[in-house]
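Protein chains in written order, with our numbering: chain A, 5 to 217; chain B, 1050 to 1409.
Hints are computed from structural coordinates only; laboratory data are not their basis.
Check before you lean on any hint, since a few could be wrong.
Stated by the list, open to error - Derived SDA-like pairs: lysine to any residue, alpha-carbon spacing no greater than 25 Å straight-line:
#1 B:Lys1226 - A:Gln168
#2 B:Lys1374 - B:Gln1181
#3 B:Lys1226 - A:Arg142
#4 B:Lys1226 - A:Ala93
What the hints assert, rightly or not - Between beta-carbon pairs, the in silico distance windows are:
#5 B:Ala1154 - A:Gly78: 41 to 51 Å
#6 B:Gly1250 - A:Phe90: 37 to 47 Å
#7 B:Gly1298 - A:Gly78: 45 to 55 Å
#8 A:Arg141 - B:Ser1170: 22 to 32 Å
#9 A:Gly78 - B:Lys1172: 29 to 39 Å
#10 B:Pro1272 - A:Arg141: 30 to 40 Å
#11 B:Leu1202 - A:Leu89: 24 to 34 Å
#12 B:Gly1148 - A:Phe106: 52 to 62 Å
#13 A:Gly78 - B:Ser1170: 34 to 44 Å
#14 B:Gly1148 - A:Phe90: 34 to 44 Å
#15 A:Gly214 - B:Lys1172: 46 to 56 Å
#16 B:Lys1172 - A:Pro13: 33 to 43 Å
Predicted, not measured: the structure shown is a model, and the values here were computed from it.
The beta-carbon is built from N, C-alpha and C at its ideal position, and this holds for glycine as well.
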Amino acid sequence: MFLEFVEGPLWYIALTIFVVGVVLRLLDVFRSGVRTDLAPPRREGLGGALRTLVTRSWTAPGFTRGAAFHLVAGYMFHLGLFVLLFFAAPHVLFIEERLLGFGWTPVPYWAFILAANFAFAGLILVWLRRVMHPVMRRISTLDDHLAVILTFIAMFTGCMALFQHHDSLRAIHMLTVEVLMIYFPFSRLMHAFTFAISRSYTGAAMARKGINA
Amino acid sequence: MNKNAKKRTVMRRVLVLILSLVIILPLIPYAVALVDGPGAVPNPGAQLWNEVRQRDGASAGVSQVQAVDGSVFINPYGERWRQFRMQQLVPIGGWLLVGVTAFIALFRLIRGKVPLEGGRSGKLVPRFSVNQRVVHWFAGTIFVIEAVTGLVLLYGRFVLIPLLGPEGFSATAAASKEIHNLFGPIFPLAVVLMILLFLRGNSPNMVDVKWFAKAGGLLKGMPASSGYYNGGQKSWFWMVVVFGIAISGSGLVLNFPVFGQGREIMEWAHVVHGVVAILFITASLGHIYIGTIGMEGAIEAMTQGYVDANWAKEHHDLWFAEMEKAGMVGVAPNALEEVKRHDDIDFKGFGSPGAKQKEG
């Protein structure tokens, strides 16, 4: 009963809120427009946008030592989560059966374990840093903590359901994922989509002014 | 006697003889065995099952299955391992855990919470850096997850089935097993980070011997001197190193059975893993108690990075004297100052007049 609900109506509700919410948020960003620059552009904006998209994936010179922890732990988490989300065998099957109608080759079990280890270790480390570092603690909001906690719970319940022989465990995982999907558009988790827009905008604007951002 | 009567007599005697032979002949091997001792007469059935059970030692046959232990019909060491697990590890480990918990409860009843004798001074002393605290809680988080799920796997059958029922326990055990195996490989990383960040200052010395002789200053009216780390903290650190390496190594052997390790190696790895886990968890109970609710002002060292000056004076007097001499007592926990002290950000090139010129 519970499994039918979370795999049926609640799944469609969560998916709708997620898709509509993300689209509306992105439309809101695009609708805000770009300020008119009356000065003649010194360089083409596209090159700057692409350049910044790449350069902002690393630390700025002078900050490498201080940001090394975030760089390593952050990439551990994000790359690990990406592999888990799109290449774990149960997820590929779910995408094929419930979303797209086609799938792809999942990663082997050892790679899945490695990705999960990276994702969990990275997430715990970056969150502990957020709580322990005096500056990070002061600039963090409830949204930051809630996003981490919901993501951790969704990952943790997914780990619990790996055995795949207990419907109750799968239902709990589905429920936590759906809660995360509903929360997603209203939170800073939107950075999963907006990071590229933000970097490109900054890069293009700066390039037109003749600055390597 | 007529001819027929003679024939019947002969027949009777032959029958008696055959009957006697039928009864006596099977007894011959037993008689021989009785005279020559056991093993003189081969018993095909016994021999077969002795071979199968490998009572004379492990032996491998020939099989088409190309796998580690693929040609071993029955692993003779499995029973030895099973008996160790059920008759020694589970009961002795259980009593050890219960005993230490009871001891801590008794200590609490008698001693109460170890107070700050001098009260709060209002002055702070920096104790642990951000990185040390992050690594400590990282290791602690993974340790607790592994300990809880490991105990479910070891004791769940006895403790959880009466509470959750067979179905509930089945789901809990399945979830615990997956979590335990998935978080397991993260623990070696935590142990390595712990070693890197906490090794300095943890070498044992004579001060620690005296500290132990005075029961670590935990008894009333018996203060014990110590430096940055006391004897108990140093012991815990070395337990983390030794137990951490043993439990990580044995855990990886069990978690990834794809590197040619056979059942016997796996059984030994399980014995090491189980014994060390029980000792590790038992020792951690003391660490967790005294570091949190057992001693006033102790947990702040790991949550805030600072301790009260009186706490430092009462529990780490030699270190406190050094800090006082260096003018580090009373440092306000200003965020920027703290960041600078921990040296997390490379300030070279930022904030100095020269930096602006370079950027320009």
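Taking the hints in turn, this is what the structure says about them:
Distance check on the hinted pair: Lys1226 of chain B and Gln168 of chain A sit about 12 Å apart at the alpha-carbon level, within 25 Å; holds. Restraint check for Lys1374 of chain B and Gln1181 of chain B: the C-alpha separation of about 24 Å stays at or below 25 Å, so the hint holds. Between Lys1226 of chain B and Arg142 of chain A the CA atoms are separated by roughly 38 Å; this puts the pair beyond 25 Å, and the hint is violated. A distance of roughly 19 Å separates the Cα atoms of Lys1226 of chain B and Ala93 of chain A; the hinted pair therefore holds under the 25 Å criterion.
Here the CB-CB span from Ala1154 of chain B to Gly78 of chain A is close to 43 Å, well matched to the stated 41 to 51 Å. At roughly 45 Å, the beta carbons of Gly1250 of chain B and Phe90 of chain A sit within the given window of 37 to 47 Å. A beta carbon spacing of about 29 Å between Gly1298 of chain B and Gly78 of chain A contradicts the range 45 to 55 Å that was offered as a hint. About 24 Å separates the C-beta atoms of Arg141 of chain A and Ser1170 of chain B, a value consistent with the hinted range of 22 to 32 Å.
A hinted range of 29 to 39 Å holds for the C-beta pair Gly78 of chain A and Lys1172 of chain B, which are about 37 Å apart. At about 35 Å, the CB distance of Pro1272 of chain B to Arg141 of chain A agrees with the hint of 30 to 40 Å. The beta-carbon spacing between Leu1202 of chain B and Leu89 of chain A, approximately 28 Å, falls within the hinted interval of 24 to 34 Å. A hinted range of 52 to 62 Å holds for the C-beta pair Gly1148 of chain B and Phe106 of chain A, which are about 59 Å apart.
Between Gly78 of chain A and Ser1170 of chain B the C-beta distance comes to about 39 Å, which sits within the given range of 34 to 44 Å. Range check, Gly1148 of chain B to Phe90 of chain A: Cβ separation about 49 Å, and the 34 to 44 Å hint is violated. At about 53 Å, the CB distance of Gly214 of chain A to Lys1172 of chain B agrees with the hint of 46 to 56 Å. Separated by about 60 Å at the C-beta atoms, Lys1172 of chain B and Pro13 of chain A break the suggested range of 33 to 43 Å.
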